[in-house]
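*Asks:* So the protein sequences, as listed, match chains A and B. So the mapping is simple: our numbering equals the position in the first sequence, first residue as 1, plus 12. So the mapping is simple: our numbering equals the position in the second sequence, first residue as 1, plus 12.
There may be inaccurate statements among the hints.
Since the list can't tell identical chains apart, any single copy or any two copies may satisfy a pair.
Said to hold, decoys possible - Pairs of lysine-lysine, DSSO-like flavour, derived with a Cα cap of 30 Å:
{"hint": "1", "residue 1": "K110", "residue 2": "K265"}
{"hint": "2", "residue 1": "K26", "residue 2": "K199"}
{"hint": "3", "residue 1": "K267", "residue 2": "K81"}
{"hint": "4", "residue 1": "K197", "residue 2": "K82"}
{"hint": "5", "residue 1": "K23", "residue 2": "K110"}
{"hint": "6", "residue 1": "K234", "residue 2": "K265"}
{"hint": "7", "residue 1": "K82", "residue 2": "K267"}
Hints in this document: simulated from the structure, not taken from any laboratory.
There are 2 protein chains.
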Amino acid sequence: MATRIGTQTIKFEKFPVIKGFASVCGLKESQGPLGKLFDKTFDDNRFGQETWEKSEAVLQQEAVSLAIKKSNVKNSEIDFVFAGDLLDQCISSMMGLKNLKIPFLGQFGACSTMAQTLLVSSIFIESGAARNAIAVTSSHFCSAERQYRFPLDYGGQRTPNAQWTVTGSGAVVLGENNKNLKNPKIKHVTAGTIEDLGVTDSSNMGAAMAPAAAVTLKNFFKDTKTSPNEYDLIVSGDLGETGALILQELLIKEKIDISKNYNDCGLMIFHKEKQDVHAGGSGCGCSASVLCSYILQKMTKKELNNVLFMATGALMSPTSFQQGNNIPGIAHLIHISN
Amino acid sequence: MATRIGTQTIKFEKFPVIKGFASVCGLKESQGPLGKLFDKTFDDNRFGQETWEKSEAVLQQEAVSLAIKKSNVKNSEIDFVFAGDLLDQCISSMMGLKNLKIPFLGQFGACSTMAQTLLVSSIFIESGAARNAIAVTSSHFCSAERQYRFPLDYGGQRTPNAQWTVTGSGAVVLGENNKNLKNPKIKHVTAGTIEDLGVTDSSNMGAAMAPAAAVTLKNFFKDTKTSPNEYDLIVSGDLGETGALILQELLIKEKIDISKNYNDCGLMIFHKEKQDVHAGGSGCGCSASVLCSYILQKMTKKELNNVLFMATGALMSPTSFQQGNNIPGIAHLIHISN
Chain A
13 MATRIGTQTI KFEKFPVIKG FASVCGLKES QGPLGKLFDK TFDDNRFGQE
63 TWEKSEAVLQ QEAVSLAIKK SNVKNSEIDF VFAGDLLDQC ISSMMGLKNL
113 KIPFLGQFGA CSTMAQTLLV SSIFIESGAA RNAIAVTSSH FCSAERQYRF
163 PLDYGGQRTP NAQWTVTGSG AVVLGENNKN LKNPKIKHVT AGTIEDLGVT
213 DSSNMGAAMA PAAAVTLKNF FKDTKTSPNE YDLIVSGDLG ETGALILQEL
263 LIKEKIDISK NYNDCGLMIF HKEKQDVHAG GSGCGCSASV LCSYILQKMT
313 KKELNNVLFM ATGALMSPTS FQQGNNIPGI AHLIHISN
Chain B
13 MATRIGTQTI KFEKFPVIKG FASVCGLKES QGPLGKLFDK TFDDNRFGQE
63 TWEKSEAVLQ QEAVSLAIKK SNVKNSEIDF VFAGDLLDQC ISSMMGLKNL
113 KIPFLGQFGA CSTMAQTLLV SSIFIESGAA RNAIAVTSSH FCSAERQYRF
163 PLDYGGQRTP NAQWTVTGSG AVVLGENNKN LKNPKIKHVT AGTIEDLGVT
213 DSSNMGAAMA PAAAVTLKNF FKDTKTSPNE YDLIVSGDLG ETGALILQEL
263 LIKEKIDISK NYNDCGLMIF HKEKQDVHAG GSGCGCSASV LCSYILQKMT
313 KKELNNVLFM ATGALMSPTS FQQGNNIPGI AHLIHISN
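Model the full assembly from the supplied sequences, consistent with the hints where possible.
*Replies:* Here it is, written out as structure tokens:
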């Protein structure tokens with residue numbers, strides 16, 4: 013059973029367990045600080061496909077296939093796939109995973125989607141509706157850049173607050189813990205509300221998402237009656253340099269200091285200066301690939317034991333920001349523990 | 013607890029109950045056969061907004077607000093909103109519902125989204141993760157037509173198989189049945205797999221979606237060991253004339269005859285000849301608004317008692333079909349009973 017505690021946190025009793033995970037990334041990511049930790053990387057960003065959308069689909073396909081293999085769970089024992097991406101109509105997820113023949117429920121939370129797929133998977137498993145489920149997301153620099161900003165060939169100048177969409181995917185096979193596995197488990201989840209502070213700059217996603225992250229994190233600590241120091245790592249998805257600073261400032265106003273153990277996947281995945289990524293990495297493939305490499309590998313080795321993984325999303329479409337609308341943010345949090 | 017039965021059906025024990033529902037539609041829908049059953053209709057399709065996307069957001073906002081009012085559930089007792097639409101990045105849902113301040117999980121299943129939001133809501137409620145949840149979707153002829161096909165002013169010729177995107181929204185407040193309510197309840201749900209039979213014509217959605225509908229319906233009957241005649245109504249979301257025929261033909265090959273009690277929301281919402289809608293209505297607002305008017309009103313009056321509501325989606329983006337990709341389909345089924 014899942015139990016609601018406080019305002020918006022769900023506490024599990026049986027603890028859905030992470031049976032397998034895998035990350036697959038592009039060339040630039042392979043050259044970053046986590047390059048050697050990814051299960052698979054490619055030497056170009058096409059992966060043998062004729063469109064960027066199909067290339068992105070390959071990322072999800074490979075990540076899911078590797079995660080299933082590593083989990084030792086049979087395809088026939090997986091009851092749901094929860095997947096999403098940044099493209100219009102989540103098309104890379106649909107194209108990449110259609111051959112799995114597992115009931116499919118598309119999730120859209122922009123860059124928060126990895127936390128969202130884990131959140132929904134956990135509740136399906138805890139309820140008995142699924143024995144095992146896949147949670148997967150991806151992003152691709154080339155498909156995202158063309159869709160959200162400019163065609164690549166245009167060579168548009170990037171602003172200092174801009175982030176670099178990660179070409180990558182991360183997949184988790186989550187399941188009921190019927191074999192008393194010692195793997196990392198989901199203890200709590202907190203789904204976020206939409207927060208709109210009036211940001212309209214689509215090159216400053218960090219500022220758009222940070223307020224939502226602050227609300228979710230604050231509510232999680234309140235609901236669970238815990239404090240930042242009880243966790244080994246508090247990691248946001250892709251706030252980048254600008255957003256990470258704003259998040260910490262907003263929390264300090266609430267008397268919450270996360271500075272000792274806080275990091276951001278967008279700051280972890282690239283060498284800031286050497287790789288020319290301005291405010292850091294972004295995209296739902298950013299948090300997914302960092303979770304499914306560095307974080308879960310460290311948890312498996314018991315070098316990290318108690319982690320808050322919070323992915324944030326900027327809720328906009330190219331149409332909505334061209335029409336001058338605000339870019340609200342959202343943040344979902346997953347408490348993973350050994 | 014939710015229990016898996018057969019291949020892909022989930023059976024509930026506590027039966028999430030429909031506490032409130034509402035439908036809000038545009039002018040053309042108000043002139044159709046169900047016009048008088050909608051809770052609210054408008055005299056134009058702008059609803060006082062300066063963009064079609066914002067107009068569509070108004071539909072969701074109004075439908076949710078009316079459904080909550082009719083349910084007698086307080087906002088503070090609603091723990092999740094599951095919403096989606098056909099627009100890029102589900103932007104109408106985000107814009108329409110951001111002020112609710114209820115944890116928000118965006119769902120994308122193209123036109124199958126109403127069934128998907130109900131499915132996910134049911135499992136959250138059954139698991140204890142939510143006391144009450146909102147399931148809502150919308151579509152708008154003008155925002156969809158511009159995004160998927162042609163700008164309205166272009167006046168493009170419509171093919172005979174084309175369908176007319178419904179300007180409408182339907183919202184359901186679903187909750188735990190702690191007061192022994194006699195309202196319609198969710199008994200089973202069946203999530204569908206992605207089925208790709210190679211359709212590439214974006215003006216023939218019915219053909220793209222029908223194979224997925226046939227698979228889901230066949231599996232549901234097999235999993236529950238029931239037959240079509242045990243239900244008062246088997247209703248698909250928006251297969252339209254072409255898709256509805258294909259679905260019935262595909263099922264006949266499996267020795268399943270649904271002809272006695274089958275209908276399609278896309279065929280119910282418009283006067284076929286008089287309203288010039290070719291193969292019928294479509295869009296996730298089509299199934300949502302018919303469910304939240306005709307179907308649930310008849311169930312409340314006990315004129316219908318045992319209904320299979322199956323919404324189908326065509327999984328494509330303007331980019332994917334312009335790149336020549338197939339349009340796979342998906343179908344999710346909700347068994348609603350008094």
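*Asks:* Each of the hints needs a verdict: does it hold here or not?
*Replies:* Hint-by-hint comparison with the structure:
no.: 1; hint: K110 <-> K265; in the structure: between (46 Å within a copy, 24 Å between copies)
no.: 2; hint: K26 <-> K199; in the structure: both (9 Å within a copy, 24 Å between copies)
no.: 3; hint: K267 <-> K81; in the structure: neither (44 Å within a copy, 38 Å between copies)
no.: 4; hint: K197 <-> K82; in the structure: within (16 Å within a copy, 40 Å between copies)
no.: 5; hint: K23 <-> K110; in the structure: between (32 Å within a copy, 25 Å between copies)
no.: 6; hint: K234 <-> K265; in the structure: within (15 Å within a copy, 57 Å between copies)
no.: 7; hint: K82 <-> K267; in the structure: neither (42 Å within a copy, 41 Å between copies)
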